[in-house]
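Novice: For reference, the chains in residue letters:
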Amino acid sequence: MDFTTINEELFFIQKRNEVIRNIEELLFQKDYIKVETDYFEEYDKYVELNQRQDRQKMVKVQDNSGRVLVLRPDITSNIIKQVIPRYLDNSILKLYYLDSIFSVDVNGIIEQKKQCGVEIIGDKKTETDTDLIQMVITLFENFQIEPIIEIGNQQFINILIEQSTTTEEQRKTLMKIIQRKSKNELLRFIALYNVPNKYQELLSNIFQYQNDFEQIKDLIIENKLDQRLLKVMDKMITIKNLLQQDAIRYDLSLVTDFDYYSGIIFKGYIKGMKTDIFRGGRYDLLTKEYGKEVPALGFSIDIQSLIEVVIGNG
Amino acid sequence: MDNYLKIALPKGRLAKDVLDIMRKAGYVINIDLDTRKLVLIDETNKFVYMLVKPIDVLTYVIEGVCDIGVTGKDVIDEGNPDIYELMDLGVGKCRFSVAGRSNQSLLNKPTLKIATKYPKVTTKYYSDKNQKISIVKLSGSVELAPLIGLSDVIVDIVETGNTLTANKLQILEEMYELSARLISNKSSYRVYYDTITTLQRRIEKVV
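These protein sequence lines are chains C and S, in that order.
FYI, the numbering for the first sequence is 1 to 314, going by the numbering used here.
FYI, the numbering for the second sequence is 1 to 207, going by the numbering used here.
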């Protein structure tokens with residue numbers, strides 16, 4: 001067999017540079033500033049903040065003093081760690097990065113993935129959520145790609161789980177069940193752990209809800225559920241009205257791999273690709289962990305996957 | 001065939017069971033599992049079935065070459081994959097069990113030596129019970145291990161128990177029940193949302 005020649009290799013590199021240039025051009029026009037990030041995170045702190053992430057998938061590094069570090073599995077927490085302690089109240093920061101993240105795959109091999117990500121810090125307006133999603137759509141449009149975007153709300157799931165469970169152990173189990181969309185296990189959980197009657201209907205149908213927010217609002221009012229759920233639904237209605245796009249789907253059972261999201265969350269898919277190509281959302285709670293509660297949101301795109309799609313489309 | 005839903009099925013009896021469930025759910029399926037073909041195209045429903053080993057069903061779905069698939073809960077638990085586990089199909093029922101020689105005393109064993117095809121499931125089960133173990137990973141004929149002194153016990157899936165009896169082994173502990181699950185690639189779930197959820201809804205009524 002023939003191996004990739006240096007000319008072919010250079011062609012791919014050229015394509016990659018074009019894709020990156022195109023993205024950076026758009027971000028530059030929108031006043032985003034490029035930042036450099038650290039390679040390492042403190043293991044203990046990282047694990048504490050990201051309990052849902054599989055520890056086996058993290059690349060651990062130890063220095064001579066015995067300090068255990070993680071080769072960054074994501075970049076958002078890294079940026080927040082740097083920015084929040086020095087954040088000036090009421091300022092809005094628009095940052096982006098182009099860096100690699102690291103993980104261990106099922107066979108124990110270290111994987112490196114190049115990501116481009118955007119973070120907006122200090123802006124709590126709902127319009128900013130939709131503007132951000134709109135920007136991702138534009139970014140893909142520049143490559144004639146139309147991803148399907150799935151939107152959910154982590155706050156909705158968090159409140160629902162909190163109200164349906166009594167212990168931390170149950171909370172984790174229920175979160176995992178929802179993450180896997182396992183209907184049978186969900187029904188078994190409801191029966192086994194005495195989920196309050198008034199929450200059973202909302203919880204047991206969670207995988208079916210799409211954009212029927214008005215109907216869910218009625219259910220919340222009728223069953224006298226937590227008032228915060230109503231507010232979340234109102235926010236989702238606003239978002240739905242602001243984002244009139246064909247490629248958008250809503251899924252209220254959507255859960256991300258990261259614990260720090262606390263509001264709207266979204267993922268982007270392209271037909272024929274095995275995983276999501278971008279993901280993001282609002283993570284106001286993460287900033288609090290680093291000293292100050294500041295509204296924040298962002299997303300990250302897998303650059304290698306994007307390049308493959310761009311090359312595949314010719 | 002670009003828009004066909006690709007379904008990974010485990011070769012053998014389970015594939016037949018799954019197609020029977022789909023037929024019961026109202027799908028007209030005119031394909032013959034008895035040919036030696038590994039890829040079967042169902043023009044009526046716009047489905048493509050791929051017949052692979054149960055453990056590879058998981059890989060096909062993770063890699064997205066198949067959109068959905070059917071495989072045992074044992075395979076899913078051992079792989080801990082990032083997929084949707086949409087439903088329990090109620091077929092292929094068996095149990096994860098600990099088995100060993102009859103009349104065997106496991107007292108005075110500070111470390112239990114276990115032969116298994118499922119090292120991750122075994123490790124998790126015993127770490128929850130605070131029992132120290134060491135694992136011998138095998139890929140088949142696990143029942144032989146305790147007989148020849150390769151291990152104290154085995155952890156394996158047990159359906160009828162006939163293989164155990166034939167090898168003079170008995171179940172020492174039943175861990176938990178298993179069955180076949182309908183799984184989906186996360187990206188495919190979104191791309192083929194209508195097809196997959198319709199299939200799921202229709203199957204739900206008959207299992």
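Some hints here could point you the wrong way.
Listed below are the simulated DSSO-like cross-link pairs for lysine-lysine, each with C-alpha atoms no more than 27 Å apart in a straight line [stated by the list, open to error]:
hint, chain 1, residue 1, chain 2, residue 2
1, S, Lys124, C, Lys176
2, C, Lys57, C, Lys113
3, C, Lys198, S, Lys117
4, C, Lys172, S, Lys120
5, C, Lys57, S, Lys132
6, S, Lys137, C, Lys60
7, S, Lys46, C, Lys274
8, S, Lys53, C, Lys60
9, C, Lys231, C, Lys274
10, C, Lys235, C, Lys60
11, S, Lys93, S, Lys129
12, C, Lys198, C, Lys94
13, S, Lys129, C, Lys57
14, S, Lys109, C, Lys57
15, S, Lys120, C, Lys60
16, S, Lys205, S, Lys46
17, C, Lys124, C, Lys271
18, S, Lys53, C, Lys271
19, S, Lys205, C, Lys57
20, C, Lys172, S, Lys124
21, S, Lys46, C, Lys57
22, C, Lys274, C, Lys94
23, S, Lys129, C, Lys176
24, C, Lys176, S, Lys117
25, S, Lys129, C, Lys172
26, C, Lys114, C, Lys94
27, S, Lys93, C, Lys57
28, C, Lys57, S, Lys53
29, C, Lys30, C, Lys113
30, C, Lys172, S, Lys132
31, S, Lys124, C, Lys60
32, S, Lys109, S, Lys93
33, C, Lys271, S, Lys120
34, C, Lys198, C, Lys60
35, S, Lys120, C, Lys176
36, C, Lys124, C, Lys60
37, C, Lys176, S, Lys205
38, S, Lys120, C, Lys274
Bear in mind the hints are in silico, worked out from the structure with no lab data behind them.
Bear in mind the structure is a predicted one, so any value in this text is a computation, not a measurement.
Novice: Evaluate each hint against the coordinates.
Specialist: We went through each hint and held it up to the structure:
Straight-line distance between C-alpha atoms of Lys124 (chain S) and Lys176 (chain C) comes to about 16 Å, which keeps the hinted pair within the 27 Å bound. The straight-line distance between the Cα atoms of Lys57 (chain C) and Lys113 (chain C) is roughly 13 Å, inside the 27 Å bound, and the hint therefore holds. Among the hinted pairs, Lys198 (chain C) with Lys117 (chain S) is inconsistent with the structure: their alpha-carbon atoms are about 44 Å apart, more than 27 Å. For a cut-off of 27 Å, the pair hint linking Lys172 (chain C) to Lys120 (chain S) stands: about 20 Å separates their Cα positions.
Straight-line distance between C-alpha atoms of Lys57 (chain C) and Lys132 (chain S) comes to about 24 Å, which keeps the hinted pair within the 27 Å bound. Distance hint between Lys137 (chain S) and Lys60 (chain C) is fulfilled; the C-alpha atoms sit about 25 Å from each other, no more than 27 Å. A threshold of 27 Å between alpha carbons decides the hint, and for Lys46 (chain S) with Lys274 (chain C) the separation of about 20 Å falls inside it, so the pair holds. Under the criterion of a C-alpha separation no larger than 27 Å, the hint pairing Lys53 (chain S) with Lys60 (chain C) is inconsistent with the structure, at around 34 Å.
For the given pair, Lys231 (chain C) sits about 34 Å from Lys274 (chain C) by alpha-carbon distance, which is inconsistent with the 27 Å threshold. Note on Lys235 (chain C) and Lys60 (chain C): the hinted pairing is violated, with a Cα-Cα distance of about 39 Å set against a maximum of 27 Å. The suggested pairing of Lys93 (chain S) with Lys129 (chain S) holds, with an alpha-carbon distance near 25 Å, which does not exceed 27 Å. Between Lys198 (chain C) and Lys94 (chain C) the alpha-carbon distance is near 42 Å, which puts this suggested pair outside the 27 Å criterion.
Distance restraint check for Lys129 (chain S) and Lys57 (chain C): the Cα-Cα separation of roughly 24 Å lies within the 27 Å cut-off, and the hinted pair is therefore satisfied. Restraint check for Lys109 (chain S) and Lys57 (chain C): the C-alpha separation of about 33 Å exceeds 27 Å, so the hint is violated. Distance restraint check for Lys120 (chain S) and Lys60 (chain C): the Cα-Cα separation of roughly 20 Å lies within the 27 Å cut-off, and the hinted pair is therefore satisfied. Under the criterion of a C-alpha separation no larger than 27 Å, the hint pairing Lys205 (chain S) with Lys46 (chain S) is consistent with the structure, at around 22 Å.
Under the criterion of a C-alpha separation no larger than 27 Å, the hint pairing Lys124 (chain C) with Lys271 (chain C) is inconsistent with the structure, at around 32 Å. Taken as a hint, the Lys53 (chain S) and Lys271 (chain C) pair is honoured in the structure, with Cα atoms around 25 Å apart against an allowance of 27 Å. Proximity of Lys205 (chain S) to Lys57 (chain C) is assessed by CA-CA distance (about 38 Å); at most 27 Å being required, the pair is judged violated. With a C-alpha separation of about 16 Å, the suggested pairing of Lys172 (chain C) with Lys124 (chain S) holds against the 27 Å cut-off.
At roughly 37 Å between alpha-carbon atoms, Lys46 (chain S) and Lys57 (chain C) are farther apart than 27 Å, so this suggested pair is violated. With a CA separation close to 30 Å, the supplied pair Lys274 (chain C) and Lys94 (chain C) exceeds the 27 Å bound. Simply put, Lys129 (chain S) and Lys176 (chain C) have alpha-carbon atoms about 21 Å apart, close enough for the 27 Å limit, and the pair holds. Straight-line distance between C-alpha atoms of Lys176 (chain C) and Lys117 (chain S) comes to about 25 Å, which keeps the hinted pair within the 27 Å bound.
Taking the CA atoms of Lys129 (chain S) and Lys172 (chain C), the gap is about 19 Å. The hint holds against a cut of 27 Å. The suggested pairing of Lys114 (chain C) with Lys94 (chain C) holds, with an alpha-carbon distance near 20 Å, which does not exceed 27 Å. For the given pair, Lys93 (chain S) sits about 31 Å from Lys57 (chain C) by alpha-carbon distance, which is inconsistent with the 27 Å threshold. For the proposed pair Lys57 (chain C) and Lys53 (chain S), the alpha carbon gap of about 26 Å is at most 27 Å, so the pair holds.
With a C-alpha separation of about 25 Å, the suggested pairing of Lys30 (chain C) with Lys113 (chain C) holds against the 27 Å cut-off. At most 27 Å may separate the alpha-carbon atoms for a hinted pair to count; Lys172 (chain C) and Lys132 (chain S) meet this at roughly 26 Å. For the proposed pair Lys124 (chain S) and Lys60 (chain C), the alpha carbon gap of about 21 Å is at most 27 Å, so the pair holds. Taken as a hint, the Lys109 (chain S) and Lys93 (chain S) pair is broken in the structure, with Cα atoms around 32 Å apart against an allowance of 27 Å.
Using a Cα cut-off of 27 Å, the hinted pair Lys271 (chain C) and Lys120 (chain S) is violated, with the two alpha carbons roughly 32 Å apart. Between Lys198 (chain C) and Lys60 (chain C) the alpha-carbon distance is near 44 Å, which puts this suggested pair outside the 27 Å criterion. A threshold of 27 Å between alpha carbons decides the hint, and for Lys120 (chain S) with Lys176 (chain C) the separation of about 18 Å falls inside it, so the pair holds. The straight-line distance between the Cα atoms of Lys124 (chain C) and Lys60 (chain C) is roughly 35 Å, outside the 27 Å bound, and the hint therefore fails.
A distance of roughly 25 Å separates the Cα atoms of Lys176 (chain C) and Lys205 (chain S); the hinted pair therefore holds under the 27 Å criterion. Taken as a hint, the Lys120 (chain S) and Lys274 (chain C) pair is honoured in the structure, with Cα atoms around 24 Å apart against an allowance of 27 Å.
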